[in-house]
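Novice: Given next are the chains, with one letter for each unit.
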Amino acid sequence: MSCLIFTGIILTIAKNISQERSVSSIYNLLVGSKNIQTIQDAYIFGIQNYYGVYKGLEKSRFDEKIQELTQLGLLIEKARENSRKFIAYTEQADYWLSEHQQRLPLHYFQGIVYEEKASLFYERLLLLIQTLSNIKENNFNFIPVIHQSDAERFVRNVYNQKKANKNQYIQKLYEELVDLLEDLPEVEANLFVDRLSGFGHYGKSIEQLATTYNKSKDDVILTLVGVSHQFIRKIESEKNTYHVLFEMVADLQTPSRLTDSARKTYELFLRDFTPEEIAHKRHLKLNTIYDHLAEIALYDSAFPFSSFVTETEAEEIMHAIEHTESYKLKVIKDAVPSDISFFQIRLMLVFKHKFREGGGQFV
Amino acid sequence: MSKTMQLEQKLERYFQYDQFRKGQREIIEDVLQAKNVLGVLPTGSGKSICYQLPSLLMDGLTIVVSPLISLMIDQVKELRSKNFKRVVALNSLVGYEERQFIYQHLNQYKLLYISPELLQQEQFIKKLSSIKISLFVIDEAHCISQWGHDFRPDYLKLGAIIKQLESPPVLALSATAAPAVQEDIIENLHLKTITKHIYPMDRKNLTFIIEKVSTIHEKIELMTTYLGKHLGPALIYFSSRIQAENMVETLRRMMPSLKVAFYHGGIDPVDRIQIQQQFMNDQLDVICCTSAFGMGINKSNIRLIIHFHIPSQIEAYIQEVGRAGRDGKPSICLLLFGVGDIAIPKNIIENELPHEDEIRVVMQQLKQMGEEGLELPVRDLELYERFQISETKWRFLRFHFEKHGMIMAKNIVYDPIQWQRVFRQLNKWIQSRNSYKKQELEEMIDLVETTACLRETIYKKFQKGYSTPIFQCCSNCGIDLSKWAPSVKPARDEEIPWKDKLRKLLVGGI
Ligand SMILES: Nc1ncnc2c1ncn2[C@@H]1O[C@H](COP(=O)(O)OP(=O)(O)O)[C@@H](O)[C@H]1O
Ligand SMILES: [Mg+2]
Ligand SMILES: [Zn+2]
Chain A
1 MSCLIFTGII LTIAKNISQE RSVSSIYNLL VGSKNIQTIQ DAYIFGIQNY
51 YGVYKGLEKS RFDEKIQELT QLGLLIEKAR ENSRKFIAYT EQADYWLSEH
101 QQRLPLHYFQ GIVYEEKASL FYERLLLLIQ TLSNIKENNF NFIPVIHQSD
151 AERFVRNVYN QKKANKNQYI QKLYEELVDL LEDLPEVEAN LFVDRLSGFG
201 HYGKSIEQLA TTYNKSKDDV ILTLVGVSHQ FIRKIESEKN TYHVLFEMVA
251 DLQTPSRLTD SARKTYELFL RDFTPEEIAH KRHLKLNTIY DHLAEIALYD
301 SAFPFSSFVT ETEAEEIMHA IEHTESYKLK VIKDAVPSDI SFFQIRLMLV
351 FKHKFREGGG QFV
Chain B
1001 MSKTMQLEQK LERYFQYDQF RKGQREIIED VLQAKNVLGV LPTGSGKSIC
1051 YQLPSLLMDG LTIVVSPLIS LMIDQVKELR SKNFKRVVAL NSLVGYEERQ
1101 FIYQHLNQYK LLYISPELLQ QEQFIKKLSS IKISLFVIDE AHCISQWGHD
1151 FRPDYLKLGA IIKQLESPPV LALSATAAPA VQEDIIENLH LKTITKHIYP
1201 MDRKNLTFII EKVSTIHEKI ELMTTYLGKH LGPALIYFSS RIQAENMVET
1251 LRRMMPSLKV AFYHGGIDPV DRIQIQQQFM NDQLDVICCT SAFGMGINKS
1301 NIRLIIHFHI PSQIEAYIQE VGRAGRDGKP SICLLLFGVG DIAIPKNIIE
1351 NELPHEDEIR VVMQQLKQMG EEGLELPVRD LELYERFQIS ETKWRFLRFH
1401 FEKHGMIMAK NIVYDPIQWQ RVFRQLNKWI QSRNSYKKQE LEEMIDLVET
1451 TACLRETIYK KFQKGYSTPI FQCCSNCGID LSKWAPSVKP ARDEEIPWKD
1501 KLRKLLVGGI
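Residue numbers (the numbering used here), protein chains in the order written: chain A, 1 to 363; chain B, 1001 to 1510.
It should be emphasised that the hints constitute simulated quantities derived from the structure, not laboratory data.
Wrong hints could be hidden among the right ones.
One side of the interface only, derived from the structure: several residues of chain B facing chain A at Cβ under 7 angstroms [what the hints assert, rightly or not]:
1) ILE1073
2) VAL1088
3) ASN1091
4) LEU1093
5) GLY1095
6) ARG1099
7) GLN1100
8) VAL1270
9) ILE1273
10) GLN1274
11) ILE1275
12) ASP1282
13) SER1300
14) ILE1496
15) TRP1498
16) LEU1502
Quantities reported herein were computed from a predicted structural model and do not represent experimental measurements.
Here a beta-carbon is modelled for each residue, glycine too, at the ideal position from N, C-alpha and C.
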């Protein structure tokens, strides 16, 4: 039973973070944790494509997988720091990756941009196909496979709008899907279609797909996610070819990732309250507000870094980052004067990421 | 023309059945006289007609509280196919706009199916109390009872809702309700008078077999022997998810001609529906499942139910085997019992409800949240993950905290003396629940140990005597399996290339 994709993704992430973060940060990335640290790390280490690609991953399954890779010598366990486990990527892993590169569809994934869009798109597609397949046979009472309000609303709208010429619509949908599927390797296309339900037919479960295609459940799930990402990318870049399918993604925004609480802080921040005042007003700890500000810094293109970090401090921090070759807060903190705070270091990491290609203005 | 004749004509006119089945007319006559009624009739006996027909004959709206969405969908589907159009189902699947539409047009319906969760909304209850309710039905009414297997706090609030609706006549229906459960149902619904219609629940087409084994290999051997004779729709019940999963692999290896899959509460929601419907659709032969599978499964030709582990109580056992032979044809119920098997259900019982220290931690954390002025999050998930307890445990605690006013809407109301008292009460109550469940388990173990007729032992708690079985009675009375020849053919799923499959789904015909 092959588990190539899951292995490939974990090794790729491990390679990029090279011991700078604990094992659980890999888990947080895969499940798409809304934690700002996770999102920042995703950018800092260039692993944002894997953000949220395996949302249903259970912690126990992840731990088991890490252990398996360790036993295979692809990863080695490094020091533990107060119960946080660190791992390193081995030479063997490098060999493994280059060996399997050809067969790994890692280029499908665009987690940070598509993770949410893709799951909505996939749910819409499953429900749409099931619904059209049934109403075409005049069966209006079937048990829907999806119970999400977004997908229901979408399918209801499509139905109301296209009722009059539904046969044409269905034909078009079929042709566009065939077009997309034909670009995939045969196995992936089969797997994708086997999951679909319709009139008088219910699609295979993840476990059934795993057995049929001799893949691990992880790889079945990741294949479905990857294929969805790949589809959306094609649909969006060729709107005119994929007319019907484009309507399925057109209204889906790439989400702003500010958490609700950070958004409230942001509103006050825009009204010129200081962090201390915001903390007081919101009955929150000052550190929480700093967390929010670090989050805001990532998204607000006009974030005033200089209000929090002086030019000299910025230089000290940047120097320390280069010198220690590390993104670990603790390591950097030890390398700068003690009056520089963790918050300031975090801000500079964000700054460095945002303006990596130079050109950024320290304002 | 006599009254009963008239009713029979209505039955014929609306449902195209030429006569009532046992119990239906008696219950319907009482319902039409606006009496409160408790009806206990076996699964498949046609309880739904007992409110569907009255709903058409009475003035106003009949509300049916139903625990399962798939049950509602099935029923609405069946009614619509019989040209009963003024029926609607309200549950979490119905989108916001559609819900609003239904709220606005309530008086156009005769029959409303609703989940207990949706019936909790204050605004909706107000809406309902402004129209005439002809009848309030609780299907699967054992869910109300604290002794029922499916503990659902929302069911316990129905009594209060009935009162808010100005006490319309109530019809409570169940397939398995021993006397203690019946009393509990009546008490929880706050009904002063009620007319009971209790019918025997024995199923004369079921043959009960218990096999004691000393190793798991023996179990597997017996299981495959029976499956080999049968090769058609069958259910195998396990007490743990992981064992159900593992057995699928074993069975696929040992019996490649059967299509086998597993089902339990932990599988992905899409998969849950796909597996259940594949089975209904004859795309699957055998499902290895936990007790999470089966309620509302109306598949008529299941011929074999195997219990790989002992169920936790006779009621659960009766419900689970009741899924066999809905079409009335001979079917076999095989219970496999190994020496170490009692440990699992004992363990389950002990961990179903929260332990004393868990309650203490939850209460401390709630108190702290209250002191920090925090509101409870909208999603329960955040809470039970924070408290590190299971969802069921949290729902149980939340229900009791709300009942005692410790949680009001999103706020935590702290009162040290009262919280102490509730803490003690809860622990006492949980202890008594656990010992009750252990006693139920004992009854199940007695069944395995008895040398008396199994049929008699199974049903004795509910009724005296039973009808003569149409096939063979039970392993204690003696059975001859060579005579069992169910004629069913195994499921087939054609393997065709993806493009043809997709065309067949969407465009149709190939
Ligand atoms: N009087 C009758 N004559 C023939 N079939 C009936 C009659 N009453 C009910 N049925 C059928 O029996 C089946 C089981 O009915 P249902 O109400 O679902 O049973 P229950 O709720 O008791 O398990 C249904 O398919 C129903 O159409
Ligand atoms: Mg029923
Ligand atoms: Zn007997």
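Novice: Any hints from earlier that this structure breaks? Give me their numbers in increasing order, please.
Specialist: 2, 3, 6, 7, 12, 13, 14
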